[in-house]
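Position one of the sequence shown corresponds to residue 36 (my numbering), numbered consecutively onward.
Simulated from the structure, these hints should not be mistaken for lab results.
Computed from a predicted model, the values in this text were never measured in an experiment.
Don't take each hint at face value.
[Unchecked claim] No more than 20 angstroms apart at the CA atoms, straight line, and that leaves these computed lysine to aspartate or glutamate pairs for EDC-like:
hint, residue 1, residue 2
1, K182, D208
2, K116, E105
3, K228, D124
4, K182, D163
5, K98, D148
6, K228, E128
7, K180, D208
8, K228, E93
9, K188, D148
[To be verified] Label-pair ranges, simulated between beta-carbon atoms:
hint, residue 1, residue 2, range
10, A183, G120, 32 to 42 angstroms
11, E236, R164, 35 to 45 angstroms
12, K83, M186, 49 to 59 angstroms
For every residue, glycine included, the Cβ atom is placed at its ideal position computed from N, Cα and C.
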Amino acid sequence: MGRHIEAKCRLCRREGEKLFLKGDKCYTEKCPVERRPYPPGMHRTWSKASQYGIHLREKQKVKRMYGLREEQFRRYVERAKRIKGVTGDYILELLERRLDNIVFRAGLAASRDQARQLVSHGHFMVNDRSVNVPSFLLRAGDTVKLKAQSMAKTGLKNALAGEGKGKRPAWIDSGNGVVRLLDKPNVQEIEHKIQMHLIVEFYSR
Numbered sequence: 036m037g038r039h040i041e042a043k044c045r046l047c048r049r050e051g052e053k054l055f056l057k058g059d060k061c062y063t064e065k066c067p068v069e070r071r072p073y074p075p076g077m078h079r080t081w082s083k084a085s086q087y088g089i090h091l092r093e094k095q096k097v098k099r100m101y102g103l104r105e106e107q108f109r110r111y112v113e114r115a116k117r118i119k120g121v122t123g124d125y126i127l128e129l130l131e132r133r134l135d136n137i138v139f140r141a142g143l144a145a146s147r148d149q150a151r152q153l154v155s156h157g158h159f160m161v162n163d164r165s166v167n168v169p170s171f172l173l174r175a176g177d178t179v180k181l182k183a184q185s186m187a188k189t190g191l192k193n194a195l196a197g198e199g200k201g202k203r204p205a206w207i208d209s210g211n212g213v214v215r216l217l218d219k220p221n222v223q224e225i226e227h228k229i230q231m232h233l234i235v236e237f238y239s240r
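Could you put the whole structure together from the sequences, leaning on the hints where they help?
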């Protein structure tokens with residue numbers, strides 16, 4: 036994906052809530068959202084948003100949360116529109132099925148950004164095949180496994196040690212570097228309050 040060089044904490048402050056882009060730092064008192072609860076830049080208050088602005092901010096929030104470019108995100112929206120059912124729920128399901136997100140959800144990475152890097156560097160196999168594409172979509176029954184040679188690396192050792200920490204969604208089972216997707220993601224379990232109907236309306240203009 037395109038390289039984003041802006042400080043990640045500025046993105047959270049711009050959206051006015053934690054997007055958990057910096058891993059453990061987001062849970063400490065050092066989190067800039069806690070210390071500076073106002074948007075970045077000269078103007079330190081949020082102006083009254085128009086209807087367009089409300090839709091835009093919701094779209095930007097989700098896009099930044101999952102670390103996607105506009106073109107990538109739009110493709111998920113267009114794909115979801117072709118499926119019968121609730122478009123917003125299917126968009127979230129697609130985002131949650133991404134390989135980098137599954138690695139993050141399983142606790143093998145502190146953030147989605149770190150998970151994306153680990154996948155890109157070829158540390159994981161899906162159904163015993165090496166996959167280095169973060170956007171690879173998993174299905175129920177798929178198994179993600181950390182490569183044996185990767186387990187010896189210090190960073191991944193620490194990740195394995197803390198694999199059981201944190202809240203893990205019910206559709207994922209993991210342990211000893213092996214992650215199983217038990218079922219399709221349940222969007223009701225996503226901890227962020229995301230108003231997907233605003234995003235669908237944004238792209239339906």
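Each hint, compared with the structure:
1. Taking the CA atoms of K182 and D208, the gap is about 17 angstroms. The hint holds against a cut of 20 angstroms.
2. For the suggested pair K116 and E105, the alpha carbons sit about 17 angstroms apart, so the restraint of at most 20 angstroms is met.
3. Taking the CA atoms of K228 and D124, the gap is near 13 angstroms; set against the 20 angstroms cutoff, the hint holds.
4. The hinted pair formed by K182 and D163 meets the criterion: a straight-line CA distance of about 9 angstroms does not exceed 20 angstroms.
5. About 13 angstroms separates the Cα atoms of K98 and D148, which keeps this hinted pair within 20 angstroms; it holds.
6. For a cut-off of 20 angstroms, the pair hint linking K228 to E128 stands: about 15 angstroms separates their Cα positions.
7. For the hint linking K180 to D208, the alpha-carbon distance of about 12 angstroms falls within 20 angstroms, and the restraint holds.
8. For the hint pairing K228 with E93, the CA-to-CA distance comes to about 10 angstroms; that is within 20 angstroms, so the pair holds.
9. Among the hinted pairs, K188 with D148 is consistent with the structure: their alpha-carbon atoms are about 18 angstroms apart, no more than 20 angstroms.
10. Between A183 and G120 the beta carbon distance is about 40 angstroms. The supplied range of 32 to 42 angstroms therefore holds.
11. Range check, E236 to R164: Cβ separation about 39 angstroms, and the 35 to 45 angstroms hint holds.
12. One distance hint, 49 to 59 angstroms for the beta-carbon pair K83 and M186, holds here, with the actual separation near 52 angstroms.
Hint check: no violations occur; every hint is consistent with the structure.
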